[in-house]
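K.L.:
Spelled out, the chains give:
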Amino acid sequence: MTNTMPVDLDRLWGRGIHHMKARRMFAAAAALALVAGACGGDDDTAEPPADATDDGGGDTGGDDGGDTGDDGGDTGGDDGGDDGGDDGGDDGGDDGGDTGGDSTAGQGGNLVMLQWQAPSQANSLLSNGTKDLLAGSLVLEPFAEFTPDGEVVPALATEIPTQSNGGISDDLTTITWHLRDDVLWSDGTPFTAADAVFTYEYCKNDETGCSVEVFADVTSVVADDDYTVTITFDAPKPYPFAPFVGYTSPVIQAAQFADCVGAAAKSCSDQNFKPVGTGPYVVTDLRPEDTVSYAMNENYRGIADGKPFFGTIEIKGGGDAEASARSVLEVGEADYAWNLQVAPEIIAPMVDAGNGTVKSAFASSVEHINLNQTDPYAEPPSEGTPHPLFVDNPDLHRALSIAINRDELVAVGYGPTGAPTCNMWPVGAENSTNNDWCLTQDVDGANALLDGLGYMDTDGDGVREAPGFGPLEFDFVTSTNAVRQSNQELIKSHWEQIGVKANMKNEDASLFFDGTCAADACIWKFFSPIEMFTNSSTGPDGSSYLNGWTTEKIPTSATGWGGDNIPRLNSAEYDALDAQLSETALDDPSRADLIIQMNDILSTTATIPLIHRANPSAFANDIENVGELNGWDSEYWNIEDWTRAG
Amino acid sequence: MGLYVIRRLLLAIPTLLIISLIVFTILDLAPGDPTSQLPLTIPAEIRDQIRDSLGFNDPFFVRWWNWNKLMVINEPIHAFESVTNTCFGDCESRERIISWSSRSPAMDTVYQRLPQTLWVLGLGLVFGVLIAVPIGTLQAYKQYSWFDNVGTVITLLGFSVPVFVIGPLFIYLFSVKLGWLPTYYTTTHDVQWTSWSSIWFQIKQLLMPVGVLTLFNAATFGRFARASVLENLNQSYVRTARSKGVRERSVMTTHVLRNSLIPVITLLALSIPGIFGGAIITENIFRVNGLGQLLLVSIGQNDIPMVQSLVFIFAALTVLFNIVADVLYGFLDPRIRYD
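Protein chains in written order, with my numbering: chain A, 1 to 646; chain B, 1001 to 1339.
Read the hints as simulated data drawn from the structure, not as lab findings. Heads up, a few of these hints could be off.
Okay, derived cross-link-like pairs now, SDA-like style, lysine to any residue, Cα gap no bigger than 20 Å in a straight line [stated by the list, open to error]: (1) A:Lys204 x B:Lys1177; (2) B:Lys1177 x A:Glu151; (3) B:Lys1177 x A:Ile601.
Computed footprint of chain B on chain A; a stretch qualifies when at least three of its residues, placed anywhere within it, have a C-beta under 8 Å from a C-beta of chain B [unchecked claim]: (4) 116-128; (5) 203-209; (6) 288-295.
Computed beta-carbon distance windows for the label pairs [to be verified]: (7) B:His1189 x A:Asp225: 44 to 50 Å; (8) A:Asp407 x B:Pro1162: 44 to 50 Å; (9) A:Asn503 x B:Ile1022: 36 to 42 Å.
Cβ atoms here follow ideal geometry from the backbone N, Cα and C, with glycine treated the same way.
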């Protein structure tokens, strides 16, 4: 804002300074300039934020589409302790670097982590996105968390409930967790089942404004005794590891949040900034959108084993992904940088500087194209009326899919953080191989398919016409983001070779991914024939994710455009498989098969999967014991194990 | 003079009300909703309840009036209370403007951001002026000399090369290549004036952002000072002084410079609100999480209460310092009288 001053003040001054008029004019001009400066500044910078939301938003927003909000991981961090409101300060103070007793915990000094989207608060249950969930995951813990492989491992629980150990009922509607009895909150009081029950009640009150959705199908959470919790679902849940599993739904302390339930939640900023937790760290200072400082939780159960290694942690926000990457990889002034969605040609030379490495976590994020199964130009739009071309037209889908050169899309936009895929659920053993034909571009094959359908270019303008529909010309919408626009451009050129014309459009990420669907541009309304974004699951469970494309999940105006089936897939076969899957127990061998069948229907009708996306993060060379990057849970899920060499 | 000030201050009230109406209206028309971050599973009635409890469903003018009450009455009272450690009435439960994204009082975050913004922008302005005035004066005195020409080229460069070009250039040179300076500003660093290492740390992290702003400010004020001195040098009172045999040094310092500085000081006063407004581009490039960065992030997150607060504060300061500039003018220039 100070950057603008009237340039021609000299001239203005030239005429009699002694005149009040001139002086006034000058003052007015300067004031105007200042205001203009303010506005100008916004303008100049309007783009970076758009990008920012995009990168983050691409993922997050994309996921929103599906379930919660964030990308890959969804499980809860394992860490976190913290002192709440009052004690916070004290604890933090002492923690500095020394540890209790003979333990070596906390002697590793300070760890500097860059999260360019800075946390706005640390209560994971009220999160505004991954940035807040990560901040909370150092402090708050769930019953169990996900490993990088998608396995469920205990955190506050003593074991993972299964049908064979009696933890999951035979009708698959209840799950019973046995909790550790040796866990203390960071304020020194014992953690019990009552805290979990409170957490459920806290979020079950809609007015609290919890952003977690895992409790939506839970009918009760009961403490059987101090260390046993039974969760009952409203329907059979073959995969019950959602409530209190992963960093999206950790347990908060009943004592601290007792007065923060419902409408009272909005005046609880102290509690939200410094939640009392059971994890390895406590928040000592939280500055919204700027910096979060942590100190070791003196009551953490791992201290006897010398965990955590680092005595203090600082999460520093601001700037953008590229600047964070530079700090770790080129300058070497920070230890970790999060979410580095940066063009491959920018990040490669940074890695060559040799200060650190980039790790990627492939979870379930898939950049894909949705083919609207309803007619966006009918009345009412995108409701009811089937699309004249996209429904039950496997050859058209296949032609559009094989015309695309996915390797090119990866090379231009993603580099090592993306891989071509033909599946919406490209996860582990459930990754289907039936659609691999899409991996090789085949323009001739695509042209032959369209010829076979009778879509010919009758008027010689390079665009085919379909009988009864007209030219194959479609609006192709995605969010405003450099990577997306470059990919959009490529796909447009690929489709040109088969006589299909795409009109590229892009929408601001904040409108495109806006969960309230206030603007017509939002992905749920889908008032266009083709759109592209990233979707991902909130956990490694394919069944609940694929359930999002059943007929009843189609967004309509009647449901306020809520619903995950954005392409409006309407397949009786798919719905039947979903019903069957919902009754198939977790250890049933046919489970993976059903998931693959559903994926195959989805990926060959209403969606064109393009790229399996990873979340890249950078680590300094001397940070050790991080293991694989976790795409299913908080990237800080094992932060108590991290150490520094030397 | 006193009467003039009072009249101006009274006039500022309707001005501010109009500004607040404009700010509020524009942001009210922007898309954004306090419940937009909530999961889609929350039914519409509950959303409506939440909106209700936030007063979001009230008629426009009621909301505007309530917002004014919070901004102009409650927030200043709260600020006064926390500074003086006093308490008037129900200070514990006094309603405040709550940010949608952090769910904490918006003004608390603003106060938190002030130190870094003042450090960087304040020093940038001070150094800029300190460099600009002597150089601009000398340039004017030796108009068209090589010193003037070189100075003009440099000021034009500083003026026209944008921060987003110089900034990354500095970072590349001083951080990436030489490794001397940090690329981000640590806002939690509490400067200990008794510790050299602490002061050195602060200097290092200030060098690049302050350097860039100093360059820009020096260019602006330099050109301004030069023009002002030039004009005065041609005035008849200078000729008179010289013909009376006054030493050249005295002509410059006691006559020309004094008169020439009047507009410079006015410009300085008008630049002060800008310090509080933050420098959006500079703050983002050097990752100084000050008020400019806060405004940007808040816009990105649709945190409308925060944006409203920031824009209104900035507008209010602009109005205030306009008055200050006018009053200063009366003091500095004997030809101006407001009675």
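K.L.:
Run the structure past the numbered hints and jot down the numbers of the failing ones, going up.
P.N.:
1, 2, 3 and 8
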